Amino acid sequence: MPANQAKDSLLELALSHGLSRQEYRQIQPLLKREPNQVEVGIFSAMWSEHCSYKSSRLHLKKLPSRGERVIYGPGENAGVVAIDDNLALAFKMESHNHPSSIEPFQGAATGVGGIIRDIFTMGARPIALLNSLCFGPLEEARNRYLLSQVVAGIAWYGNCMGIPTVGGETRFAQCYRDNCLVNVFCLGLVEQGKIFTARAGGVDNPVIYVGSATGRDGIHGATMASQEFDEGADQLRPTVQVGDPFTEKLLLEACLEAMGTGCLVGIQDMGAAGLTCSSVEMADRGGMGIELDLSRVPVRERGMDPYELMLSESQERMLLVARQGSEEEIKKVFEKWGLPAVVVGKVTPDGNLRVMKGDQELASIPTPLLTSQAPVYDRSAKAPAYLDEVRCLDLDCLAEPKDYSQCLLSLLASPAIASKGWIFRQYDHMVGLNTVIRPGADAALLRVKGTAKGIALTVDGNGRFCYLDPRTGSGLTVCEAARNLACVGARPLALTDCLNFGNPEKPEVMWQFSQAIEGMRAACQALGVPVVSGNVSFYNETSGQGIYPTPTVAMVGLMQERSRYLTCWFKNEGDVIVLLGTTGLDIGGSEYLNIIHGRVQGTPPPLDLGLETGVILTCLEAVEQGLINSAHDCSDGGLAVALAECCLGPDGQRYGAKIALAEEMRLDGLLFGESSARIVVSLEGENLSPLQSIAKTHKVPVKVIGEVTGNRLRLGRWIDLRVEEMEQVYTQSLEARLATEKGERGR
Amino acid sequence: MSSSKHKPSLKFGVMLFPGSNCDYDCHYAVREVLGEEAEFIWHADGSPLRYDCIILPGGFSYGDYLRPGAIGKFAPAMERLREYAAGGGLVLGICNGFQILLEAGLLPGAILRNQGLKFICQDVYLRVEKSDSPFTSLFRPGQIVRIPINHYEGNYLADEETLNKVTSKGQIIFRYCDSQGRVSEEANPNGSLANIAGLTNEQGNILGMMPHPERCCEKELGGEDGLLVFRSITNSLKGGREAVAG
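Order-wise, the sequence lines are chains A and B.
Taking the working numbering, the leading residue of the first sequence gets 1, the next gets one more, and so forth.
Taking the working numbering, the leading residue of the second sequence gets 1, the next gets one more, and so forth.
Hints may contain errors.
To be verified - With a straight-line cut-off of 35 Å between C-alpha atoms, the simulated DSBU-like cross-links for lysine-lysine are: (1) A:K332 x B:K73; (2) A:K449 x B:K118; (3) B:K165 x A:K453.
I should point out that these hints are in silico values taken from the structure, not numbers from a laboratory.
Bear in mind the structure is a predicted one, so any value in this text is a computation, not a measurement.
Next comes chain A alone, as it looks inside the complex:
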């Protein structure tokens, strides 16, 4: 082939993998020669948005990531935070949106597999999973299919691994119809002296490939996740990987056992961009080079070329760097678990990724060109035009409901609010014998065996608020997560996030992103919660239509004395019900406005970080002093829904309540408005005055609003419902919606 033609075909290859013309032209001067086909593949994968964070990197730096307990922040496979002098938690959240939109079962399953590997790569034994899911409305058959299959995929993988899925959230809006969101979180427990990092070290140390053999599945997965979809997205199905949780379970046990031998120097999982990304990142972090011999890579398909071997995203594979001479010992551990362990290369001093096939050199690239010297963009940002239109909400044109009891039932039946029992029942949420608070509460609580400590976990997102005001919305998301932890009695330790957005090349999307980062930064700083890991998912768009900007936050909290934990349910007849915080006229962006009036309008409730901090501290101190019997955060559906949920305790422990509220504003605002920084607590009357003293020190308004009594929820003269009736609506709605049809494939 003539030189020019060859060059053109390389350019085409680069373009087809998502590199821009300009990016392609940067390769030659950096490399000081023309790249070959394998090298173009490596550059395009490493420079993809998914691997390089080129559009987000400048913004992510603004998030606070340090704290006294933080052992590892962003940049490792997972963040690591100490809970005492000996133990630490490793955790991270990742998105698997694009694969799940195309092939929901495998897409979601391999998302779980990937995040689990990130955790045990750090030397931690995974002990909990969470997930945050967003879909289009369930009226449409395809959305029901997506939800059912995503849940089944998560269950299949997580259950087989024996890692409990202890919580999560599920939200619905039209904008997620063609781009569903699947964000999965994993947390592991590790002794601080046994933490591993993904660093190559020691010249001539062997690089060992372990786990499944490499096939052609998932080639270009990283590229696919860095592009918008169009109508033909279904044809991308072959780029979705296929999971094998059994092999991953073996890999988990074998890796933890191998780590115990003292032979390992570093370990990295093969996720996006497979062998390429894992070897480059390991070499780069250790300031070393890696030489790979592709003829030694275990394969499960014939005739795979070097390009395919380097970019395959076959699942359940790891790359290890071990001490020279320990090869046999490592092999023995993996053999016991029935897994291959093959030396595929060695650590070199030159800082290059050198790919060989026997004696033939196929690629040689200085790793910094693929990492620190990858393109970074300060993309232009501009406030979207839609904001002016959606933000004006004329309350005078909004009719107040005639029947507030009915209105409350409609909200309890809304899939965003209704019980997610149908989902949680499909997840093993008990394996490991640590689950103290099961899914469905404000936060899950795990025990730490051998200690009095508890770990609380929550995941929260609110795309609607962020659509109306990304800065306030993302700040509110962080605060809601912290409030959820406070409601069980746990102090926030740190958070991880998934930042789900549209196409960052659009200034409007970039504006949403930078605003969301700003809101998150402010809230994290005010609450003293560092961001220790996370992931960005751009290009959640199909045919030009993007999702709501949806930053999802998973926050981890610590309880020193877990025996003091609280749940949200009322506990005793006669307890006083108290509202911490203040109620404003905050109908904008509410679930009430969405469900009852079919509008996504207005502005989200104001973010008052001082009050948020005060309410959280008041609740925590009240729990720690044993003053209160229940605590529940007011969020979707406002005060009325929060009170209803407090009545819906476990079978045989349900109580009603009688509530009196001053009619100081529009009733729909009073009952269903979503003013932030509010927690409903119940307590014995004698504890009221100590609670008031605590609240006073934090400048938090306290209002006695009623008492726990009977088996009805009576809210002023506006709502009067039997607890049993609310319970039926709340627990059966989601299942009823999904049962309307079997989740067949539509489109």
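Put chain B on the given structure of chain A with help from the hints.
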């Protein structure tokens, strides 16, 4: 964390297949809660089994891609288990352990997918149908207990002859029921024949059950009914000196 103060006198074996995932939980329940000794038995180990009781834990042995327990029954350690059981040794198969015992023919019947074709993880109520077995000696006859299930395939099936036999010989140990003890279709979570949740072999020394007693041995985790299964075992092994729970 150990709640028991006495010196361990019994030794439990917990069989470990690749893909088992309740192995550590069973080990923990025996050692830390019950206060007896526990050891893992590696699936590939063919040495004779010398234990007071052997537990086959839950999980997905060999991935269970073919059929739950279908590969597990071929493990070298399973050959030894046969010998051990033939000699009267106590065997408790929980969930996947139950499925393996069925596949191995050590218990009668088979398991199908749940009726609703969904994985189910939740607490269920069980009625104790036989309280003079080595696994239930501390339960009251007809006692209603709450123990979680966690499976995709827990729908027990047997032909009529087998059902008649296990019924008449008193091999049915637990049935799914509601909180009032009613054994009804509504209280059947997975479609199991005759609401069967656990049964023994004819000799009564092998119990297979879908519910997970190891998951509810401590108040903190939501209940202690499961502990009674383990305590019944030690009680029987020690000659039944402990009093039946009130």
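Going through the hints against the structure:
Note on A:K332 and B:K73: the hinted pairing holds, with a Cα-Cα distance of about 25 Å set against a maximum of 35 Å. For the hint linking A:K449 to B:K118, the alpha-carbon distance of about 31 Å falls within 35 Å, and the restraint holds. Between B:K165 and A:K453, the direct Cα distance comes to roughly 50 Å. Violation of the 35 Å bound is thereby established for this hinted pair.
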